[in-house]
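Input sequences plus hints: build the corresponding full structure.
Quick mapping for you: the protein sequence lines, in order, are chains A, B, C, D, E, F, G and H. The first sequence lines up with residues 6 to 222 when you count with my numbering. The second sequence lines up with residues 6 to 222 when you count with my numbering. The third sequence lines up with residues 6 to 222 when you count with my numbering. The fourth sequence lines up with residues 6 to 222 when you count with my numbering. The fifth sequence lines up with residues 6 to 222 when you count with my numbering. The sixth sequence lines up with residues 6 to 222 when you count with my numbering. The seventh sequence lines up with residues 6 to 222 when you count with my numbering. The eighth sequence lines up with residues 6 to 222 when you count with my numbering.
Worth flagging that the hints you see were computed from the coordinates, not collected in a lab. What you were told as hints is all true, and nothing was included just to trick you.
Estimated spans, in silico, between C-beta atoms of each pair:
{"id": "1", "chain 1": "A", "residue 1": "E81", "chain 2": "H", "residue 2": "T63", "range": "46 to 56 Å"}
{"id": "2", "chain 1": "C", "residue 1": "R129", "chain 2": "D", "residue 2": "D135", "range": "13 to 23 Å"}
{"id": "3", "chain 1": "F", "residue 1": "T96", "chain 2": "D", "residue 2": "D57", "range": "20 to 30 Å"}
{"id": "4", "chain 1": "C", "residue 1": "T20", "chain 2": "A", "residue 2": "G79", "range": "33 to 43 Å"}
{"id": "5", "chain 1": "B", "residue 1": "E45", "chain 2": "H", "residue 2": "R136", "range": "51 to 61 Å"}
{"id": "6", "chain 1": "C", "residue 1": "G18", "chain 2": "D", "residue 2": "E23", "range": "51 to 61 Å"}
{"id": "7", "chain 1": "G", "residue 1": "F80", "chain 2": "A", "residue 2": "E45", "range": "43 to 53 Å"}
{"id": "8", "chain 1": "F", "residue 1": "G18", "chain 2": "B", "residue 2": "E23", "range": "36 to 46 Å"}
{"id": "9", "chain 1": "A", "residue 1": "E23", "chain 2": "F", "residue 2": "D121", "range": "50 to 60 Å"}
{"id": "10", "chain 1": "F", "residue 1": "E17", "chain 2": "C", "residue 2": "R118", "range": "57 to 67 Å"}
Residues from chain E that keep clear of chain C, each with C-beta distances beyond 12 Å, as calculated:
{"id": "11", "residue": "D33"}
{"id": "12", "residue": "D44"}
{"id": "13", "residue": "D61"}
{"id": "14", "residue": "D65"}
{"id": "15", "residue": "V70"}
{"id": "16", "residue": "G113"}
{"id": "17", "residue": "D117"}
{"id": "18", "residue": "N126"}
A virtual CB, placed ideally from N, CA and C, is assigned to each residue, including glycine.
Number of protein chains: 8
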Amino acid sequence: RRRGIPEAILAEGKTPAEVAALATTAVDTTGRALVTRADEATAAAVASAVGDAGADATVDRDDRVGTVVVHADGFEPPSLDAAVAVVTAGTGDAPVAGEAAVVAREIGAAVDRIDDVGVANLDRILDQVDRVREADAVVVAAGREGALPTVVAGLVDAPVIALPVSTGYGVGGEGVAALEGALQSCSVLTTVNVDAGFVAGAQAGLIARAVDAARTE
Amino acid sequence: RRRGIPEAILAEGKTPAEVAALATTAVDTTGRALVTRADEATAAAVASAVGDAGADATVDRDDRVGTVVVHADGFEPPSLDAAVAVVTAGTGDAPVAGEAAVVAREIGAAVDRIDDVGVANLDRILDQVDRVREADAVVVAAGREGALPTVVAGLVDAPVIALPVSTGYGVGGEGVAALEGALQSCSVLTTVNVDAGFVAGAQAGLIARAVDAARTE
Amino acid sequence: RRRGIPEAILAEGKTPAEVAALATTAVDTTGRALVTRADEATAAAVASAVGDAGADATVDRDDRVGTVVVHADGFEPPSLDAAVAVVTAGTGDAPVAGEAAVVAREIGAAVDRIDDVGVANLDRILDQVDRVREADAVVVAAGREGALPTVVAGLVDAPVIALPVSTGYGVGGEGVAALEGALQSCSVLTTVNVDAGFVAGAQAGLIARAVDAARTE
Amino acid sequence: RRRGIPEAILAEGKTPAEVAALATTAVDTTGRALVTRADEATAAAVASAVGDAGADATVDRDDRVGTVVVHADGFEPPSLDAAVAVVTAGTGDAPVAGEAAVVAREIGAAVDRIDDVGVANLDRILDQVDRVREADAVVVAAGREGALPTVVAGLVDAPVIALPVSTGYGVGGEGVAALEGALQSCSVLTTVNVDAGFVAGAQAGLIARAVDAARTE
Amino acid sequence: RRRGIPEAILAEGKTPAEVAALATTAVDTTGRALVTRADEATAAAVASAVGDAGADATVDRDDRVGTVVVHADGFEPPSLDAAVAVVTAGTGDAPVAGEAAVVAREIGAAVDRIDDVGVANLDRILDQVDRVREADAVVVAAGREGALPTVVAGLVDAPVIALPVSTGYGVGGEGVAALEGALQSCSVLTTVNVDAGFVAGAQAGLIARAVDAARTE
Amino acid sequence: RRRGIPEAILAEGKTPAEVAALATTAVDTTGRALVTRADEATAAAVASAVGDAGADATVDRDDRVGTVVVHADGFEPPSLDAAVAVVTAGTGDAPVAGEAAVVAREIGAAVDRIDDVGVANLDRILDQVDRVREADAVVVAAGREGALPTVVAGLVDAPVIALPVSTGYGVGGEGVAALEGALQSCSVLTTVNVDAGFVAGAQAGLIARAVDAARTE
Amino acid sequence: RRRGIPEAILAEGKTPAEVAALATTAVDTTGRALVTRADEATAAAVASAVGDAGADATVDRDDRVGTVVVHADGFEPPSLDAAVAVVTAGTGDAPVAGEAAVVAREIGAAVDRIDDVGVANLDRILDQVDRVREADAVVVAAGREGALPTVVAGLVDAPVIALPVSTGYGVGGEGVAALEGALQSCSVLTTVNVDAGFVAGAQAGLIARAVDAARTE
Amino acid sequence: RRRGIPEAILAEGKTPAEVAALATTAVDTTGRALVTRADEATAAAVASAVGDAGADATVDRDDRVGTVVVHADGFEPPSLDAAVAVVTAGTGDAPVAGEAAVVAREIGAAVDRIDDVGVANLDRILDQVDRVREADAVVVAAGREGALPTVVAGLVDAPVIALPVSTGYGVGGEGVAALEGALQSCSVLTTVNVDAGFVAGAQAGLIARAVDAARTE
Ligand SMILES: Nc1ncnc2c1ncn2[C@@H]1O[C@H](COP(=O)(O)O)[C@@H](O)[C@H]1O
Ligand SMILES: Nc1ncnc2c1ncn2[C@@H]1O[C@H](COP(=O)(O)O)[C@@H](O)[C@H]1O
Ligand SMILES: Nc1ncnc2c1ncn2[C@@H]1O[C@H](COP(=O)(O)O)[C@@H](O)[C@H]1O
Ligand SMILES: Nc1ncnc2c1ncn2[C@@H]1O[C@H](COP(=O)(O)O)[C@@H](O)[C@H]1O
Ligand SMILES: [Mg+2]
Ligand SMILES: [Mg+2]
Ligand SMILES: [Mg+2]
Ligand SMILES: [Mg+2]
Ligand SMILES: [Mg+2]
Ligand SMILES: [Mg+2]
Ligand SMILES: [Mg+2]
Ligand SMILES: [Mg+2]
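Written as structure tokens, this is what we have:
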């Protein structure tokens with residue numbers, strides 16, 4: 006697959022049967038499949054379709070995150086000499102951050118999750134900053150006012166990708182303030198759309214691939 | 006004047022002559038006047054009208070901030086036993102913060118200005134946090150992504166008022182992201198509209214008045 | 006807990022079990038918990054978890070408002086020498102105003118509820134203005150066109166906090182006109198986001214704390 | 006002219022020469038012309054074109070409001086047995102209210118202007134309410150948070166037309182909050198667009214015509 | 006009741022029991038009640054509560070429109086010597102137009118419904134124009150692009166009130182294009198918010214009252 | 006040039022010298038050039054650059070519309086056996102409609118301009134409907150509430166293209182209501198962006214080309 | 006029926022019984038009916054109502070697309086000598102594109118569906134470009150960033166109609182980015198509203214009719 | 006300086022004297038300065054202030070792009086073993102792309118500019134794809150519908166950063182459609198705000214630094 010990004014199937018708006026069919030085709034043709042935004046029925050349909058296909062594929066579900074990862078028997082997952090940090094401000098950011106982490110891992114990056122370090126209590130992120138500095142690329146998931154990506158990008162050298170999360174209500178809610186905060190940030194960073202964990206994780210993975218390739222040149 | 010807030014004349018959309026007439030009336034009837042958003046021609050017209058009126062009024066202009074303060078001869082400005090901190094993230098926030106400071110001072114508060122402590126470099130605000138903690142009410146002016154009010158409200162006990170500033174371009178620019186960030190803040194704070202320095206300073210002044218009254222009960 | 010604001014758990018987007026776990030932890034570590042936006046299942050889960058924990062904690066539910074307050078046995082609630090008025094325009098504003106009242110009360114303020122004084126019939130607010138003037142801080146909840154906070158701030162000396170409510174349909178509905186009315190008010194006031202009763206009540210509580218501290222200095 | 010509304014020429018976006026030509030044509034064919042949103046050059050061009058046409062037309066300019074009214078010699082202006090009140094919240098509302106007043110007067114209504122009765126000081130409108138109650142239709146011009154139309158419609162029996170004015174800055178500025186406030190009003194009223202003084206005055210004039218016709222049946 | 010507008014209870018966001026209680030109180034104190042936006046359960050609750058109250062009140066439900074009208078035994082409904090036309094563009098506009106018609110009728114106007122005369126087929130409105138011209142005030146309900154109010158206001162002398170309806174999808178859908186079309190209309194008219202049938206009907210009723218009073222002076 | 010659409014140079018945001026250089030290149034390589042949105046300085050620069058180039062090119066400026074058309078000596082303009090009607094609601098629509106007409110003519114269509122037939126006076130469009138029916142494609146330019154495209158599409162068989170014009174102020178102004186009206190139209194039509202005369206004229210020209218090709222097959 | 010467009014009944018917001026009644030009336034009066042956005046219950050109600058009517062009408066349902074086409078016994082569907090291509094970027098665009106295809110077919114065009122040629126993989130559209138060039142009019146359905154219509158319009162001579170699809174989440178989601186992309190396209194094309202498959206197909210059908218008429222003149 | 010990003014001074018909203026002072030300070034303390042969005046007066050003020058300071062600093066102005074780069078005598082600019090491609094769709098994108106290129110170059114990357122490859126003519130980008138594939142990070146600047154970043158990200162392996170440009174008028178104009186297109190892209194990419202050339206170039210530079218560091222480990 007182009008760029009090492011796994012064939013991803015967005016389950017939203019598709020029936021379980023449709024998703025299962027697309028996933029088995031992806032496994033057959035590319036050796037693996039990644040389903041995102043799957044509810045439990047869809048995840049079950051994928052697992053059962055893969056089982057029916059008779060192959061000894063491994064199926065890895067995360068129902069909170071909504072992902073299903075399928076590896077064909079004998080599929081050799083890539084393993085890069087490069088690390089991605091996935092940082093969250095609060096518990097509401099976990100599912101979206103989880104989507105980013107799964108994709109980065111499938112691209113082969115070593116993923117480090119650093120959770121609940123939102124800026125309302127600065128000590129938390131200051132305590133973890135050395136860990137974040139280990140990464141070659143950093144994804145920062147935050148909803149509401151979304152201040153964390155700006156703070157993190159002021160503390161690390163690696164490229165930072167903001168991942169706005171659709172928390173918050175009223176004006177600027179549903180992740181809009183968090184996205185606009187990323188677009189207006191006084192620190193250098195780029196952003197993806199609200200809840201676009203897949204895109205953030207994949208872009209971090211592409212950076213990790215470039216770094217890995219340079220390391221192993 | 007009700008609540009101790011000086012009669013304020015918003016110069017925008019009025020001719021210099023109109024503003025000057027309103028200001029001299031305010032001085033005659035209340036002992037002082039506060040003009041906001043005055044350009045140089047308007048400030049000059051006010052100063053000259055006050056001079057023509059023959060009284061020994063004092064005129065205090067700040068052309069960067071756009072304010073003109075006039076005190077009639079013998080006007081006794083209030084002096085409260087309470088302090089307001091006015092904090093800015095960067096230099097672009099200075100004029101709007103200045104408007105807030107002038108109003109709070111006219112209400113009688115002791116005003117402390119703490120500048121250039123934006124979150125892209127956390128050391129700056131951490132260095133000043135003890136000074137901010139001295140205040141009975143805190144105004145925090147910030148544009149672009151407007152993360153500073155959230156961070157400050159996480160560090161102090163006093164009520165914090167966010168003052169979004171119309172910096173920033175593109176989507177979320179002109180202070181919109183900063184305002185929405187205040188509305189979505191994970192810390193407890195209230196907000197005023199973009200660039201509404203007068204309102205932020207006046208509300209901080211009202212809190213200072215309440216504290217002063219309690220202290221002197 | 007910082008600023009005397011109780012640990013608040015926003016139930017929206019969390020399962021009853023998760024909320025119950027967070028609440029019992031908060032009770033264990035801080036002596037109390039405040040759950041907001043809880044539906045009946047969540048409130049029941051919290052009550053039952055607290056009971057199971059065996060302690061003689063008191064549980065105070067308001068299902069219309071969506072709050073659950075838990076006090077550990079022996080928890081000494083703060084009691085401030087300062088008052089907060091919570092004013093509503095109509096019956097649709099009651100749940101959101103209720104959230105503000107609960108928080109202010111937990112911070113220790115004496116809370117006075119003044120209801121159904123919307124501006125379509127001016128006599129109602131004029132009849133109650135002396136009662137509102139007793140308070141050290143005033144929260145005014147109003148939806149639709151949200152004119153009440155402006156009128157109240159013109160009648161009292163204490164700081165006023167607008168609490169826009171998500172009533173109203175069509176353009177400017179869901180509280181947007183009410184929020185924008187607060188941002189544009191000709192009277193001095195600050196605002197919180199639409200339906201942010203928790204924030205309005207907490208800010209009023211912070212002002213009450215400052216006044217109480219000054220009174221008891 | 007249909008409905009008794011004078012032929013109105015919106016000067017914005019037209020050259021002085023074009024406006025003058027349209028105005029003289031209107032005078033020739035209907036006996037009068039009403040130019041709105043004219044700057045001084047345009048008003049002068051109209052006056053001079055009418056003069057050149059040699060007729061003894063009367064020209065009535067209001068440069069603050071931006072209107073020019075031309076009556077051909079011998080034009081008999083209508084005179085209705087019905088009254089329109091035009092109410093403003095503050096001085097910034099005067100030009101737009103003036104446009105409404107001119108149109109209503111040209112339709113033949115008796116127009117009563119009641120100024121500076123904004124809700125930040127309720128005494129002002131309460132002092133004038135008997136005068137407003139004299140009118141058969143009421144136009145209420147207000148900018149910023151636009152609370153006045155709602156308050157007036159709660160005080161009078163006649164139909165009220167809100168006329169939002171493009172004052173105010175930041176979010177909800179330029180009359181948007183005032184328009185949305187009219188759309189969400191808890192009192193019964195209808196509205197026109199921001200700054201649409203011509204439409205508000207014409208609709209009030211149509212109501213006055215209907216009442217006059219009924220009175221004189 | 007002020008202005009002859011019946012006490013109206015918006016059922017949305019209230020429980021059937023709450024609505025029924027408010028309605029019986031209104032009947033007791035004013036002789037009638039008007040419930041809007043009632044679903045079937047609410048309408049039934051009102052009917053049954055009125056029955057239980059034992060009085061021989063009449064209950065008039067229109068489940069498509071969502072209204073319930075209750076008249077106490079012996080209540081003398083007003084009857085005005087003035088007419089209101091309620092015009093619709095298509096079948097989707099019927100429920101909202103129905104709300105307007107019920108209110109106008111309760112105020113005492115003679116109401117004429119003229120349906121399905123949208124501008125995509127001009128013959129229909131041209132065929133009905135004489136009937137529309139009979140009215141003293143005209144309400145025009147239209148969704149989607151909302152062109153009909155503009156066309157009608159170009160054809161009649163009476164005041165026209167646009168009533169935008171929340172049909173249409175995509176950009177400008179949910180009545181937004183129809184409302185903006187009313188605000189931008191090249192014809193003279195005023196507007197109410199999207200789906201605000203109550204307000205449109207009440208304003209038309211106020212005009213009818215004024216005309217009736219003039220007729221009967 | 007692809008599709009027979011002339012090489013068009015949008016002058017906005019370019020210096021006169023840059024536009025002149027692009028135009029002479031286009032004439033050299035394609036035999037003609039079409040400049041849109043040119044102010045007088047730019048139009049003059051193009052005319053002079055073409056003159057300097059020494060060729061006997063013809064230059065056709067329309068300063069009201071902002072177009073400059075240059076044909077190299079000997080350039081054979083296309084001439085199609087197909088007609089485009091360009092219809093306007095009012096005089097404010099003329100410049101934008103003019104841009105559409107110029108482009109359609111350059112593509113080779115016979116263009117018929119039908120002006121000032123806005124829906125506030127239905128007789129005008131009804132008087133011209135036979136003329137509009139002659140066309141193979143119809144462009145309808147209208148600003149403010151933009152009702153005319155819907156009415157025209159209800160009267161003719163040919164494809165209709167709405168061309169919203171940036172007239173109107175307040176909410177829905179600057180052509181937004183007109184564009185949304187086209188998107189929500191109850192008649193079948195497609196639309197271009199606000200003021201996009203070039204695109205509307207070019208699409209009408211493409212339809213004329215298809216019809217011409219079919220006629221001459 | 007005017008313009009050869011079948012009488013279309015939008016099922017959304019109507020009960021199955023209402024739709025069935027409208028459909029049978031259309032069949033009786035025009036020989037056919039086209040129901041759009043029908044769920045299964047509605048489609049079944051239409052089929053059964055047509056059956057009950059006893060006539061040997063044919064009923065053609067597409068439940069994925071939501072259309073029901075009914076032809077009365079002996080109805081002679083039009084057949085044009087002209088072709089429409091309906092192109093999709095991805096599988097999410099299929100239902101909306103299907104609506105366009107059904108309408109174009111009912112108008113009599115030969116319809117060619119070309120699927121899954123989104124621009125993330127350019128080879129797909131480049132492989133199919135000769136097929137697209139066969140058509141007399143082209144509808145291009147795309148959601149998310151909606152780049153495909155711009156690319157297709159750069160590759161073909163026939164008029165292109167963009168059909169934005171309501172896929173995508175976050176800012177610019179629900180088809181908004183796709184619609185704005187069509188409005189801003191650097192290629193010449195016109196657009197319909199988000200998901201307006203009926204309008205896109207009908208406009209393409211009108212172009213096909215014009216071409217067919219020219220061919221058969 | 007942190008992350009190797011030069012101290013950047015945004016000239017917008019500052020006087021020439023202020024910018025010159027900030028620039029000389031930056032040169033004194035960090036060895037260089039980068040001014041962005043400078044008009045000619047500001048650029049001249051910087052050049053002259055640096056000259057006055059007497060040092061043999063080099064000053065590099067690009068007045069079209071609005072940048073001034075100052076290097077102190079003896080400043081050793083970084084030089085990375087990594088390349089950044091900066092791609093534009095059309096000539097309107099050049100200034101913003103230029104800002105990105107200057108920053109990336111100052112960080113030390115080898116920068117390759119690839120211009121005028123917009124998607125309305127696919128051959129252009131297909132011809133240049135091998136050149137783009139040489140880069141370690143790719144910035145793609147595009148306005149209007151902004152389709153180019155999506156197409157490029159479908160053709161290369163390196164991380165792509167979209168740089169939306171504020172071209173385009175009407176709905177979705179001023180870069181909004183281009184930004185939303187990047188947020189909704191079917192290809193993997195991240196984005197910066199409209200016209201944020203500085204941020205795009207700096208992020209690309211950070212990736213280049215990471216790759217360079219890996220290469221030279
Ligand atoms: N800079 C400002 N921003 C917001 N409100 C202001 C400002 N200056 C004055 N005001 C308020 O606006 C009210 C009306 O101002 P005016 O338009 O001068 O009558 C004053 O009484 C103040 O309460
Ligand atoms: N109803 C509410 N509205 C707004 N903020 C709240 C509300 N309830 C709790 N919060 C705040 O949101 C923070 C995060 O909540 P949580 O998502 O539970 O971690 C809490 O610490 C409170 O400061
Ligand atoms: N007035 C206009 N409105 C919209 N698009 C235009 C206009 N004039 C030219 N164009 C298109 O914009 C493209 C790019 O223009 P340019 O920026 O000059 O390269 C041209 O090839 C035309 O297709
Ligand atoms: N053209 C630009 N666009 C966006 N951010 C910028 C630009 N130029 C400088 N900056 C950033 O804005 C920060 C604050 O700039 P200043 O307002 O000059 O203090 C700088 O440190 C840069 O990170
Ligand atoms: Mg956050
Ligand atoms: Mg900031
Ligand atoms: Mg209210
Ligand atoms: Mg007002
Ligand atoms: Mg309609
Ligand atoms: Mg029009
Ligand atoms: Mg697409
Ligand atoms: Mg582009």
